[in-house]
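A.B. asks: Modelling step: build the complete structure from the supplied sequences, incorporating the hints.
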Amino acid sequence: MTAIIDKVKPSDDRPEGASRLRRLLGQREAQLLLVLVVFTLLVRAGGAKGFLGPTHFPIFLSQVAPDMLVVIPMAMLLIGGMFDLSVTGVANLSVVLVGWTFSRLLGTMDDTLLIILVVAIGLTAGLIVGAINGLAVTRLRMNPLMTTLATWWMAQGAATGVAGGESRHNFVGSFRDIARFQPLRDLGETFPFLQEMRISTLPMPVFYAAIVIFLGWLILTRTRFGWHIFATGSDRQGAALNGVNVNRVTLIGFVATGLAAAMCGIVWASRLTSAPPNTLGGLELRVIAAAVIGGAALTGGEGSVLGAVLGLFFMHMIRSATIQLGLPVYWEFFVLGAVLFTAVAFDAWTKRRADTQ
Amino acid sequence: MESAQVKAAREDGVGSAPEPLLIARNISKAFGHVQALSNAYIDVRAGEIVALVGDNGAGKSTLIKVLSGAHRHDAGEILVRGQPAAINSPNDSFNLGIATVYQDLALLPSRDVVANLYVGRELTNRGLLDRRKMTEEANRVVRQLRTNLPSVHTPVRFLSGGQRQAVAIARVVHFGAEILLLDEPTAALGVKESHEMLTLIENLKDQNKAIIVVSHNLAHVFRICDRITVLRHGETVGTLIKEDTDSTEVVQMITGADLL
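Chains A and B supply the protein sequences, listed in that same order.
Under this note's numbering, the letters of the first sequence match residues 945 to 1301, in that order.
Under this note's numbering, the letters of the second sequence match residues -9 to 250, in that order.
Be aware that one or more of the hints could be misleading.
To be verified - Covered stretches of chain A (chain B as the covering partner; in silico rule of three or more C-beta atoms under 8 Å from a C-beta of chain B):
#1 1054 to 1062
#2 1237 to 1248
Said to hold, decoys possible - From the derived model, a few chain A residues whose C-beta atoms are all more than 10 Å from chain B:
#3 I1072
#4 M1086
#5 F1135
#6 A1154
#7 T1165
#8 R1166
#9 N1186
#10 I1262
The hints are simulated quantities; they were obtained by calculation from the structure and are not laboratory data.
Every residue, glycine too, gets a C-beta built ideally from N, C-alpha and C.
C.D. replies: Below, the structure is given as structure tokens:
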């Protein structure tokens, strides 16, 4: 066996110097981070001096946060080889159910209890739609694209139906805290630097997003379930033959995405203290595009939480930059489309290059 | 229903060799109206290579999938180490020490060698993945096999056919499988890689594994196997000992020409 051992090249687990740097730059996340930095410098040079500066950044984070709740489970669903168009409908349904419940039950019970009930109802809607999506795709073997398009329309239709053309405004004041409470406010008085850097003004959704990001990263890279998600997306049959419960992975993925979309709706309802059934528009494609820009493959098996985070940052930065530079806002979608096109073209190019090697 | 060859082979075997590690008898399996297997028989001993041959659609892959737990058989009996075994899932099969390397390898192309070695059986430490240990073990396993992998962190889609095959077999060997089911291990390989793969399989035999190899390539079959089990229309028509036969007879049994 010694002759055999000699034939084996040492594996480069810890590449040194240049090769390490090259490997780092070969990572989608590093490339994207570089693009974001260059983009920020260009926007600043172009006249928007405060872009992502100390005043803008906390506001930017709180704007990104509701989408961030959804992009993480969506990225995990994509990595598992599935995707979910229904999130916008689910989020809007959750918004409307929150408003409707408030308008019906306000005054009949303790406010805190009512808020808990409202949140529970919103999340239950997400749980149900997510479970329907997951069971339809796994048990009935329905196509995920058509299934989630159908449940999107059903959820959206239920939202407008329940709203009945009105927007509810009968909110309990403390319900606003779900989106507006600043948990570090008091800490900012003790530590002035937190106030100077505006960290003490960060509202709750930023912290929800941080928790979701951390959990997503932990699950995906540090748990068996995370590896099972990758395995399922990489080769569903192969994973199943190796004992991975692929249907469970898919079902949990859809349920998590549904719950996250519902939470996104709750945050928006709290932010607006109003419940129009068209609160969220374009959420589904925004988060799918963000995950794909961040390196998630529509064919499954590839992607990362960090990539999805950076991808979503990029999409919101484009929106912010368009406004701050005073460019015609109507062109925003053109730019987003161009960025998505470039990302997908880049993916195809790297795959082609890798295949011919 | 057993043909003379089956009896002859078995009687010949019993006297000289230990009991088979795996016996599957009277196995039948239908998919709707299609009877994929009816009365299939195969057995294999430790340190023995049995080739499973037959025409396309003869039921070879179905029989392998029954043994590996991917399909549930409708009737028949499977004995592992002399004990009746209930194989209803891939995990049942795995727990009995049976491991399968599929024709399409069942590898995860976007995942690295480590993830492929451990898929479904990841090592954990206090609930979280023990990635360091899995990497170390993967390096050790790769060194044991005669294979030339660039790094255990290479995604499998960047590996050659032979390297992928080696990863698939490394996975199986690493988990201490005693009974290996190899489905067309050389089908997708070039001449040189096929040669390396056959040598690898012979190494596994020397490590006292019981090996069933499905193959279309009779030259490969005759190079490595000890016995040849022939399936036709889902039925075992006979098991031949390599020294007692030649490829002409095997072909006749595969096609049914000898019974006409």
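A.B. asks: Give a verdict on every hint.
C.D. replies: Consistency of the hints with the structure:
Look at the region 1054 to 1062 of chain A against chain B: 0 of its residues bring a Cβ nearer than 8 Å to a Cβ of that chain, fewer than three, so the hint is violated. With a cut-off of 8 Å between beta carbons, the region 1237 to 1248 of chain A has 4 residues touching chain B; three or more are needed, and the interface restraint holds. Listed as a non-interface residue, A:I1072 keeps its Cβ farther than 10 Å from every Cβ of chain B; the least gap is roughly 30 Å. Every CB of chain B is more than 10 Å from the CB of A:M1086 (nearest about 22 Å), matching its label as outside the interface.
Under the 10 Å C-beta cut-off, the non-interface status given to A:F1135 relative to chain B holds; the minimum distance is some 33 Å. Listed as outside the interface, A:A1154 is consistent with that label: its C-beta sits roughly 20 Å from the nearest C-beta of chain B, beyond the 10 Å cut-off. Against the 10 Å criterion, A:T1165 falls within the reach of chain B, whose nearest CB is about 8 Å from its own CB. At the 10 Å boundary, the C-beta of A:R1166 falls inside the reach of chain B, the nearest C-beta of that chain being 5 Å off.
With a closest Cβ-Cβ approach of about 4 Å to chain B, A:N1186 is found to fall inside the 10 Å limit, against its non-interface label. Remark: the non-interface label on A:I1262 is consistent with the geometry, its nearest Cβ contact in chain B lying 29 Å away (cut-off 10 Å).
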